[in-house]
Amino acid sequence: MTTRAPAPSKEAQPDAPERDGLPRWVPVLAILVGWIALWALLRGQDTLALAGRERTDVMRWLGDFRDGVIASRSTNPVVAFTNGVGEVIRSVFGWLQELVSVPAFPRPVPQVGWLGVTALAAWVGLAVAGVRMALLVAATFVSFGVLGFWEEGIDLLLVTGLSVGVVVLLGLPLAVAMGTSPRARAVITPVLDAMQTMPTFVYLLPIVLFFGIGVSGAVVCTLIYALPPLIRIGGHGIRSVSPTAIEATDSTGQTRWQRLVKVQLPMARKTLVVGLNQSTMAALSMAIIASYVDGPGLGEPVLSALIRNDVGSSLVPGLLIVLTAIMLDRTTTAASQRAESAARGVGLRGRQRQVVLAVTGVVALVCVYLSRTYFSLAQFPDTGWGPRLSEALGSLTDAVVGFLSAPAEVFKNAVSYGLLNPLQNLLADSPWWLAAGAITLIALALGGVRAVVSTVLCLAGILFFGLWNDTMLTLTMVLVATLLVMAIAVVVGVWMARRPRVDLLLRPLLDAGQTIPAFCYLIPVLALFDPTRFTAIFAAVVYAAPPAIKLVADGVKAVPETTLEASRSTGTNAWQEITQVQLPIARGSLVLAANQGLLYVLAMIVIGGLVGAGALGYDVVLGFARSEEWGLGAAAGITIVLLGIMLDRIAQAAAARQGVSKRQSLLARARGGTRRAA
Amino acid sequence: MTATTTTETTGPARTGAGLEVRNLWKIFGPAADRIIGTPDAELSRADLKARTGSVVGVKDVSFDVAPGEVFVVMGLSGSGKSTLVRCLTRLIEPTAGTVRIGDQDVTGCSESQLRELRRTQVSMVFQHFGLLPHKQVIDNVAYGLEVRGMGKKERRAKAGEIVDLVGLSGYEQNYPDQLSGGMQQRVGLARALAGDPQMLLFDEPFSALDPLIRRDMQNEVIRLHHEVGKTMVFITHDLAEALKLGDRIMILRDGEVVQVGTPDEVVGAPADDYVADFTSEVPRSHVLTLKWVMRDPRPDDDLDGTAMSQDTIVRKAAQAVLASDKPVRVMDGDRLVGVVDDEEILRVVVAEESPA
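Same order as they appear, the protein sequences are chains A and B.
When we follow the numbering used here, the leftmost residue of the first sequence carries the number 12, and every step to the right adds one.
When we follow the numbering used here, the leftmost residue of the second sequence carries the number 775, and every step to the right adds one.
Each hint should be verified, as a subset may be incorrect.
With a cut-off of at most 25 Å between alpha-carbon atoms, the simulated DSS-like pairs for lysine-lysine come out as follows [as the list claims (entries may be wrong)]:
1. B/K927 with B/K909
2. B/K1090 with B/K1018
3. B/K1065 with B/K1018
4. A/K273 with B/K909
5. B/K1065 with B/K1100
6. A/K273 with B/K932
7. B/K1100 with B/K1090
8. B/K909 with B/K932
9. B/K1090 with B/K1065
10. B/K927 with A/K273
11. B/K926 with A/K273
12. A/K281 with B/K1018
13. B/K909 with B/K926
The set of hints was computed from the structure by calculation and includes no laboratory data.
Chain B with its partners taken away, still in its complex shape (with noise of 0.2 Å):
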């Protein structure tokens, strides 16, 4: 399933670095090491388990991020996304396979090569924070620049302006205990933007979060990714949030890969039942484009109506599929791919009122 990467037109900068894992593995347990390459690998998590005691965590995980996209890896809980993330910056220290950010091979790294790399290249905001309570929140967001050895001025000031940047002025001073859970984020997330580093990894950052909240957050990460660029991997377990926030997703199931692709790919071609019962709830008019929702042009229609690009979203060309009286033309650049009316409009807008 390769997807071929749809940049937009009115994109943001794209900067940063890129990313690329190949054949990753993380076997937690006694004999991690001498599963890999034997008939046990192919084994179901289960039956791994009862036979070797050791637990797979990420299974035989290939994928490249480019520069500058959003990447989400999305998965229930314990299908190994976590585990999968934190073997990016080896916080947890992968069992097998290679990760490479920018032109640097991450699982070949010395320790001090790992730490200049999580000092100036890879940031990370966690699920929980990880806010040191006895630190002011200026202090919090500069403490990846006084791990480098920054001077106290300089750091405090650098850290200033991300604060600014996330909107958190006024609450320097504060400790994050005297302050909201959204709120904590932020100083999670200033942190992270403290450094300047090519690339951001986000391990479900919102899910602790009350869902209005949650959606501010989430502005506020789409937000700065036209501000600022960088290359995001974001975790998380909402496929709402993914489907908002991601240029492509992964899906993962016990720490194997089920499907990659963009938004719509995932919820018009969904690779197999798991991620089509997923998907299932998604109002798909948000999602679909025309591509997925067109047929072939029969003998019969009318073809001087408007013409539209395959990429349109289904509910914003919905209104004026409805209003004109022939069909509308799906257009994949010149050529023209097929056409869509109102019939199968109120096919997908129907399909979401009463759920088989």
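Isolated chain A (complex conformation) (with noise of 0.2 Å):
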């Protein structure tokens, strides 16, 4: 018998900002109307556009930073033993590239040719996911060598490797660490998070300075990108592990390495295999990116046909590139499975698949023979397809292009002149104050008090770093294409949520797109747009539809079928019931849709840069490009930085508001990249 008064309801607290009688964006819309008054009268004011090679202070700055470090190779401690791994770094892959890519000298050909290199990765493609998956490795290396791209298309596969070799060794411990200890999950935590809000390019410049450039820095900046879905995940499976399982072991006696090794590390296998897939294809797709810092591997034939703008020659190391990325998840997923049939003694038997396996790996070794022996073996005849299937592809493309540009040039001219230049005359041509201020009260607006102190805070640094201008044109593209991923996220996700046989249709196709690295969806869009904002505006957009799409769907998907009921009861038709009934219950979803789309979109818009995007990204590769440039690329890098944390924090602050707890879009961050996972 208590007697205490019940709690207050706090169910009302998620609809609080009603209370006050207006919704939200009543108070957006003010300030937008006073923005634009106030920019009619001082546009042009106060932009802070750096005139062509002006560079301010904190970038010289920064370069003589970066002319230190390198003059300190040899006296600072902390450069010496990063130059040292660095130089690990190469002298192994060398050693690597030597056994299966290029010439060993003085042979005139790799220690072991292809067909021996082929038939070793298929055998292990049969050892770990079967006969199917050992037909699509082989497939896939061969068409590396028919295609003519055979050092790039195994030098990839050996920066992803080795990359995700390190990731399970360091990964593996912090994700026991994570899953068994509260105090070392909430230390990684926020770690894992600043690592993840970070757009994958940023990390480069600092990374190829302390490592060097080449491949010590590209497998750098990949394992450190791969690292966090491993621990997140792998974390999460070991804490998953059910406690009635741990404490009745724990009741006969078993010590703690008993209790992981045993229990906890088998229990959470199938959720560590996933992780370990999703750390594959970060490193897969961090390798190609990596071609900016001249990492070895596909990227590179598909950067350098970039730059010249010529998309036909990008084409055929692109498919590669995709073809490598579905051999990849294919077989780390196939794997998974097995695993767990395996164990079972599903399909072959113990005795049976040992005997499959020793001789299909005596037959692997005799092809491995037979590729020292024989030139054509060991060196892929040259069979000229990669330049025919390019020309072929060039001409498709072309065909294509042909037949869509005019929609095409419709659809880039309604967005460019209907959405991307209001906006950008606005935030670009406005006095920095001005902007400044009006994006800090739609901050305010947005988030509430928590989310003004991070935008005021990341708003100064912008400034510090004298690229001002830059990040207001980057915003606005950042904002048109999360607007137009919205719009397609809302529709499609409302679609696939109310009719299951469209979801059917759509998932596994969005599952492939997330599967395909950021890279290579340049290419196409290239070719339809050629290199303009437009360029990489759309590329982002259809980067980030597919995981924004999911959140919206799965959302509307769990309003509860009683409630819809209850809606139908009283009459709704189809469009009163989505508008409201279904999203506004699901709007904590769409909020979580927004904030994953506003990262994945500002990775992309940054990769863009380089196909006429220009910004914030531009300035990037210039560092990349030329070493007096290095202090704008680190000032834009830095900026970035500081544009992705506003841009999450407000929308994490307006997420919250909604009732979205931190925990839940962290977990959508988490599986952010999961296909499958659950």
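The two chains are supplied separately, each in an independent frame; assemble them into the complex guided by the hints.
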């Protein structure tokens, strides 16, 4: 019998803003109107645009810092250490290359020729993932050779593999720490958050400074980028192991080590492999982007073709990247499913399986021997198929582009004149203090005081690094692309949620879309729109739409059936049902989708700096390309991080006001790249 | 409320270790170790939560379990019974008090002594089974032996015997998710038995099962207790189960002991309204013995009718009493302690038909 009064219901809280009587968009609209009015009076003043080669003191200071680091190679222990690590990576990679991809002096060919490498890889595929995956692996390797990109293809796999190897060595213990110790989790989680908010591109400059250009920088960037998924998903898996099983086995008197290796790791095995799959895909994606800093692999021919605006020659390597991605994704996924069924003795029984593996293993070794003996089995013969395919794809692309160019032009102009130009004028032509003030007020309206603090800090940082005007240009593109992403996500997401058949049809496509490395999206879009701002925006939309669509679809689908029935019983039509019931109830998912969309879009817009998007992304590329512009590149990189943090914080605070907890949004982020994980 | 354990003459071989619990406390929350001994400790659970933010799970509990006894702890959910049983092997660390199993002071054990105790002395069966989905039935059963470091062949042979004992022969190679709930709990039971422990702890082992399966499993426990002896501490929220299995029953409320006694004592002389309410739905004729229903002989009673022991259960005595025209004499050994007539029997039986 408690005598306490019942606690006040907390259900009213998520609706708090509505209680003020004003919907959220009213103050935002008011701010915009005021901003436009002031802009009309003050446009063009204090925009802080840098003239062509003008550099600020901060950039010069950053440049000096770089020179200092390079000069201190032999004196500063930290720099000496990182350089040493870079040296180790280079020599390991060089050794691997001579083993499988480049001529091993004095031989005119690698130690193991293409036939041997393909046979060994297929055998590994057979052992971990079954016959079908072995065939897929063999087909991928052979197509590297047939299309004339053997060395690049294998190098890409080497960089990815080397990084994933280190990721497992570093990530598994950290995942265990995350999964078993709340204290470790409290320390690691914010670090992972920060790592995953940062656009990939930004890692490159500082890493290359400390670890060197080329493969060493590429491997370090790749492993840093690929580390969080394994730690996060693996830690989650270990933490989710049934507490009853742990308690029951504890009661038998097991040691902590026995608990880990006999209970926690085996029970989390499936999730751990999902984490490994995510890390592998992230590694592949980053290994390609690392071609900006001379990382070896298939990214190189794509990048150099994109720089020359030569879509034709980027198509074949681009296609091979997609093939590689599919191969890695399928094999690791199949491996996780197989691990389960093999342990249960489904399929070939232990004995039979050993015989099959032994026999095929001998065949693979014979192939290795043959490839060391016969030149044509070592060096892939020049088939001439690569250029021919390239030509065919080129003309196909031309035909498609010719067919699509008219509607594409209309779409481009509509977005450019209707959305992009006005917004860009407003953001970039306003005096900086007006834009900063307006952004802060909007942050206040959307996210409350919490959002304002980080917004002000980030804006101050952006101002300090001297690229205000470029930031506003990038921000324009990010906002427009996010708007488009959300429009698509709501329409397609609601459609998927209301029509199970559509969901069944689209979901595999969305999953596939998320498997393909970001970089590849630039190729077809570039063919369609030429190097313009719009190319990056469109590529960003294509890149960010799949996860956003899935979040919206899942959110709308989670609306309880009883609620829908109740509303139908009052005679609502489909439109009313969507706008009055489904979307309002799923608004938490909408906010999450917008948050995810923003980060994906930002990452892609920055990469698109190369193909006409200009602004901050281009500044970073310039920093890679010319050592005297390193300061500019670094300033742009830091500015991108600040912009990302600002957008993320505003979105998070807005989400929190909608009753979406931080935990949910973090979970969504952890799953952001996750396909099939659920 | 001290109860003398009435050892049945036809009982199983009484083996196993005894258990001795003295002043055991478990308090969850920030101020856990600063409450005992202060006036706060006397507060009710709700008041303490409001004052200190701490929750009392187990409050100053003391009891003894004799070797070979089946001791049932019962209470509603939240009464602290699951916490109590976990404190016995320190799966939950008690805040204060002592636990002795056999001649070992559990609360004073080092971590490695505790592991040894769990490996060889005490096993536990859990409500949600806690089986390892990645291991076959045989290896789940053998897990405790594996943890001890026993070789694979030896432990599988040992586990095989236990699998037969609990009636799972033929399912050794299956995985837990291929078995029904009742069979999974048999695996849990086998795992607990495999280490040949001195004492078995059951934490609501059958609550998650269907009523029919539950009855089977209860009979299984009774059978195993006859076959292997062992001291058992059995947690349940089901009074019928408690009455069926328990030599003695301890009733907990809000972490405190309300009553300890044999089944007929709990039903016949409930310590307070809480226990009385609890036991009101029980078929009393199945539990009470003549001792609880007899009256003093009146001068006009004809005392040369049949004699029965005072420990005879009413249901079993009913037919004989109703058939005889004279009152039945109730004996404690050779001493006449009272008589029962039709009226006394009917009072118990009819009361069940129309509960007040």
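**Request:** State the violated hints by number, sorted upward, taking the hints as numbered earlier in the document.
**Result:** 12
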